Amino acid sequence: ILNVEQSPQSLHVQEGDSTNFTCSFPSSNFYALHWYRWETAKSPEALFVMTLNGDEKKKGRISATLNTKEGYSYLYIKGSQPEDSATYLCASDIHGSGNTGKLIFGQGTTLQVKP
Amino acid sequence: EAQVTQNPRYLITVTGKKLTVTCSQNMNHEYMSWYRQDPGLGLRQIYYSMNVEVTDKGDVPEGYKVSRKEKRNFPLILESPSPNQTSLYFCASSRSGGPQHFGDGTRLSIL
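Residue numbers (the working numbering), protein chains in the order written: chain X, 1 to 115; chain E, 1 to 111.
Treat the hints with caution; some may be incorrect.
Said to hold, decoys possible - Calculated cross-link-like contacts (lysine-lysine; reagent style DSS-like; alpha-carbon spacing at most 27 Å):
1. Lys65(E) with Lys17(E)
2. Lys69(E) with Lys17(E)
3. Lys78(X) with Lys57(X)
4. Lys71(E) with Lys18(E)
5. Lys78(X) with Lys69(E)
6. Lys17(E) with Lys57(E)
7. Lys57(E) with Lys42(X)
8. Lys42(X) with Lys69(X)
9. Lys71(E) with Lys42(X)
Simulated from the structure, these hints should not be mistaken for laboratory data.
Given the structure is predicted, the values throughout are model-derived calculations rather than measurements.
Work out the full structure: start from the sequences and follow the hints.
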């Protein structure tokens with residue numbers, strides 16, 4: 001099994017702080033990198049799907065970058081708010097021959113934002 | 001409303017009693033998957049399907065079966081459930097190259 005690693009495992013920040021997390025994935029046979037936001041007692045919701053090296057995507061205060069050559073992606077949250085508290089998951093589709101639907105998820109980074 | 005619907009949401013049953021968790025999506029997605037979520041292990045893919053009659057094993061397929069006879073449905077079958085299959089299960093669907101849309105989850109307890 002090829003691993004997708006996320007760090008840190010958990011993070012506590014104050015409201016207003018900006019923060020970032022890392023997702024490392026196998027760079028060989030890369031197809032796409034997904035980011036999801038998972039609130040307690042809910043199901044994961046998609047944030048971004050990224051495919052191109054150097055790609056940067058943004059949704060409100062959340063943005064993500066992708067480096068497929070070295071196998072990492074960063075997720076940034078600017079000015080964290082208590083409602084940003086959640087577990088952030090990344091997942092890699094690592095079949096370079098095309099989209100197969102086979103995803104490998106990291107274990108997530110759990111963010112707690114204190115008011 | 002676009003959604004992925006799983007049933008049941010909760011089930012407590014006993015070892016060896018066959019059970020099926022249904023999953024249905026109304027978005028005409030080609031891809032469907034089943035995941036289990038266990039503390040400290042994250043989301044692990046059980047089986048996935050790229051289209052009708054096309055299924056393949058994920059990372060933890062042992063003890064599970066699936067079928068994809070229709071595009072909208074992707075049931076998960078536990079022929080002889082065991083306690084180590086106690087977990088939170090998610091079904092998801094996606095179009096080609098798109099993000100996963102998850103159902104609300106099914107919490108299974110196998111006694």
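Status of the hints after comparison with the structure:
1. Lys65(E) with Lys17(E): Answer holds: Lys65(E) to Lys17(E) is near 14 Å, not above 27 Å.
2. Lys69(E) with Lys17(E): This hinted pair holds, its Cα atoms lying about 24 Å apart.
3. Lys78(X) with Lys57(X): Distance of about 14 Å is within 27 Å: holds.
4. Lys71(E) with Lys18(E): 24 Å, holds
5. Lys78(X) with Lys69(E): 45 Å, violated
6. Lys17(E) with Lys57(E): 23 Å, holds
7. Lys57(E) with Lys42(X): Holds: Lys57(E) and Lys42(X) sit about 26 Å apart, inside 27 Å.
8. Lys42(X) with Lys69(X): 34 Å, violated
9. Lys71(E) with Lys42(X): With a Cα-Cα distance of about 25 Å, the restraint between Lys71(E) and Lys42(X) holds, given a limit of 27 Å.
The structure is inconsistent with the numbered hints 5, 8, although it conforms to all the rest.
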